[in-house]
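Take the given structure of chain B and dock chain D with the ligand to it, following the hints.
For the record, the sequence lines run as chains B and D.
Residue 191 in this note's numbering sits at position 191 of the first sequence; the count goes up by one each step and never skips.
Take any residue in the second sequence, note its place counting from 1, add 260, and you have its number in this note's numbering.
One-sided and incomplete, this derived list gives chain B residues near chain D with beta-carbon spacing under 8 Å:
1) E132
2) Q163
3) R233
Some, not all, of what chain D presents toward chain B, calculated at C-beta under 10 Å:
4) I369
5) G401
6) S467
7) D562
Calculated from the structure, these hints are not laboratory results.
Please read all numbers here as calculations on a predicted model, not as lab measurements.
Beta carbons are placed, not taken as given, at the ideal position from N, Cα and C, and that holds for glycine.
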Amino acid sequence: MKIVVCAKYALDVAELKISSGKPVLEGARRKVSDIDKNAVEAAISIKEKYGGIIKVLCFGPISAKEGLKELLAMGADEAYLIEDPSEGMLDTAATVEALALAIQKMDGFDLILCGEATIDGYTSQVGPRLAERLKVPQITYVRSIKIDGNNVIAERDLEDVYQTVKVPMPLLITVTREINTPRIPNLMAILKASKKPITIWKIEDLGLSKDKLEQISSLHTLSLEGFTVERKRIIIKDKPVDEAVQELISYLLKEKVLGV
Amino acid sequence: MGLEGNYKGIMVYSEDIDTLFELISKSRELANQIQTDVSAILLGDRIEIIPNELAAYGVDKVYMVENPQLKGLIAEACAESISIIINRVKPEALFIGATKRGKELAPKIAEKLKTGCVSECVSLDIDKAKRDFIMKRIIFGGKVVSTHTIVKRPIIATIPPRIFEKKRIEGRAAQVIKIDLEIPSSKFEILEVKNKVVSGKKIEEASIVICGGRGLKQKEDFKLLDELANVLKGQVGCTRPIAADRGWFTEWIGLSGKKIKPNLYITVGISGAIQHVAGVRGAKVIVSINKDPEAPIFSESDYGIVGDLYKVIPALIEHLKKIK
Ligand SMILES: Cc1cc2nc3c(=O)[nH]c(=O)nc-3n(C[C@H](O)[C@H](O)[C@H](O)COP(=O)(O)OP(=O)(O)OC[C@H]3O[C@@H](n4cnc5c(N)ncnc54)[C@H](O)[C@@H]3O)c2cc1C
Numbered sequence: 001m002k003i004v005v006c007a008k009y010a011l012d013v014a015e016l017k018i019s020s021g022k023p024v025l026e027g028a029r030r031k032v033s034d035i036d037k038n039a040v041e042a043a044i045s046i047k048e049k050y051g052g053i054i055k056v057l058c059f060g061p062i063s064a065k066e067g068l069k070e071l072l073a074m075g076a077d078e079a080y081l082i083e084d085p086s087e088g089m090l091d092t093a094a095t096v097e098a099l100a101l102a103i104q105k106m107d108g109f110d111l112i113l114c115g116e117a118t119i120d121g122y123t124s125q126v127g128p129r130l131a132e133r134l135k136v137p138q139i140t141y142v143r144s145i146k147i148d149g150n151n152v153i154a155e156r157d158l159e160d161v162y163q164t165v166k167v168p169m170p171l172l173i174t175v176t177r178e179i180n181t182p183r184i185p186n187l188m189a190i191l192k193a194s195k196k197p198i199t200i201w202k203i204e205d206l207g208l209s210k211d212k213l214e215q216i217s218s219l220h221t222l223s224l225e226g227f228t229v230e231r232k233r234i235i236i237k238d239k240p241v242d243e244a245v246q247e248l249i250s251y252l253l254k255e256k257v258l259g260v
Numbered sequence: 261m262g263l264e265g266n267y268k269g270i271m272v273y274s275e276d277i278d279t280l281f282e283l284i285s286k287s288r289e290l291a292n293q294i295q296t297d298v299s300a301i302l303l304g305d306r307i308e309i310i311p312n313e314l315a316a317y318g319v320d321k322v323y324m325v326e327n328p329q330l331k332g333l334i335a336e337a338c339a340e341s342i343s344i345i346i347n348r349v350k351p352e353a354l355f356i357g358a359t360k361r362g363k364e365l366a367p368k369i370a371e372k373l374k375t376g377c378v379s380e381c382v383s384l385d386i387d388k389a390k391r392d393f394i395m396k397r398i399i400f401g402g403k404v405v406s407t408h409t410i411v412k413r414p415i416i417a418t419i420p421p422r423i424f425e426k427k428r429i430e431g432r433a434a435q436v437i438k439i440d441l442e443i444p445s446s447k448f449e450i451l452e453v454k455n456k457v458v459s460g461k462k463i464e465e466a467s468i469v470i471c472g473g474r475g476l477k478q479k480e481d482f483k484l485l486d487e488l489a490n491v492l493k494g495q496v497g498c499t500r501p502i503a504a505d506r507g508w509f510t511e512w513i514g515l516s517g518k519k520i521k522p523n524l525y526i527t528v529g530i531s532g533a534i535q536h537v538a539g540v541r542g543a544k545v546i547v548s549i550n551k552d553p554e555a556p557i558f559s560e561s562d563y564g565i566v567g568d569l570y571k572v573i574p575a576l577i578e579h580l581k582k583i584k
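Next up, chain B with everything else stripped away, as it sits in the complex (with noise of 0.2 Å):
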């Protein structure tokens, strides 16, 4: 089974900084993102079964390898990295051109696996758009797969339904959250991934250039503003509990949200 996971070096979100009402995005935090890492122990519970081989590709900066490696020791086999020559500001359909390349400059695929969204951009346009791209069937919102011989057998959330699917492979599939818990490399495993290749692409390697991924990229970015929402934050403590919870009844009062 040869199978390619999508992987984003995103901001971490969490220690994103907000100043004067404008994101900090010059030397913010990045990690991979939590669900791509999903994907990731998805394809490794995969090879266990059925054995293969594992790819992991990110389109992002160079020091997306940081995050790579962490991939690698995960139990990913071989990592690439196309790098990123607008610092973030392309659009997916710009990222998706370059990731599609990239695979099929590989040596074919059965599995492609994505996260369901990124915790950055939360699009959730990548792993449609990448199936589209490449001609295959997209399988998203994942929580469940079984191979069976050439098919995937796969449940879906949706809003109002599970849905169990069959589909034959090569095709695309986008994961959620809770298709498994990801693990976390011990140090023996982390040693192990630092003789795993990483190869690092130019866009030019893939047969791009800067000015041809800004002519796809067709969304703008006109602004970015920090959302913030001020909060009184009047805190109750070291209070006996019916004290707590009369002071907090007369400030909902006050605040006419009681419905009285």
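Okay, now just chain D with the ligand, sitting in the frame of chain B:
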């Protein structure tokens, strides 16, 4: 493609009928600003919606595709149908309801048409002079609002349910255009569909919401929250791990779940992860009960009690009963 092309009009699609009405109403308002028309797409193996129902919200044309390949509304077949219609009609904008089905469909269509797509817009405007669509969305775990435009046509945007209001307009009729399409048969086979058990009232519509997190040790403990909800005439919700991992609920509140704006939001045993808080940014007053004084939820709250929920909630119920 480019802006100079003859792309005109706004087109909408959602398999969710209420969202479709909302998108039509909003599109009508935008279309009036630039004197253009609004069209809607209906897809299915058997379509039960009466196209004139859509006219009541301001649609001018309804494109209808009835085809056995559209059974189950598989993304591939829907994307194929919508792309063909777009290539014929050439609208300048396509708005799709940001349900999960819509969110997997829109990027596929965008990729087929080689255009841009904005996911989950929370505001939509037109720059009349440039005839440009200005779209806002919330990113970075709810910390940032980004504003976008798309320089190709059609622009594609997905819009979550209940962002815009549906507004009926009397005395309108729509032209119905039935389209026959060749849709290639799909390799995607639906084996089983299990309905989720949905709780009566929609949580998005409640003005008071009580939300439980992992601080509640067992399913039965949510009865405490039900009781509090009864007294306050509110609704009970939960965080993602409670619904998705433990399966005690079918939906959760937050970035990847329901986004709500109640007047009063009470969190019980919730730590306040950014992805959770992102779903309640619009709440008027947030109250939190957590035993950990350092829990991040307190800095996202207007009022809080540091204490054991198993003591605080019963006391709160008792005292509220006195004033209700
Ligand atoms: C991409 C992504 C998307 C996500 N989307 C969502 C989303 O939409 N919605 C969502 O909710 N989560 C989401 N999450 C998960 C989120 O990051 C948190 O893991 C989750 O919200 C934590 O849930 P919790 O607060 O219930 O549990 P915990 O973080 O475990 O918090 C439990 C809290 O209960 C308190 N507590 C324990 N016992 C008591 C007691 N007896 N009395 C009072 N307090 C007590 C503890 O002090 C603690 O603060 C997402 C995560 C990712 C990565």
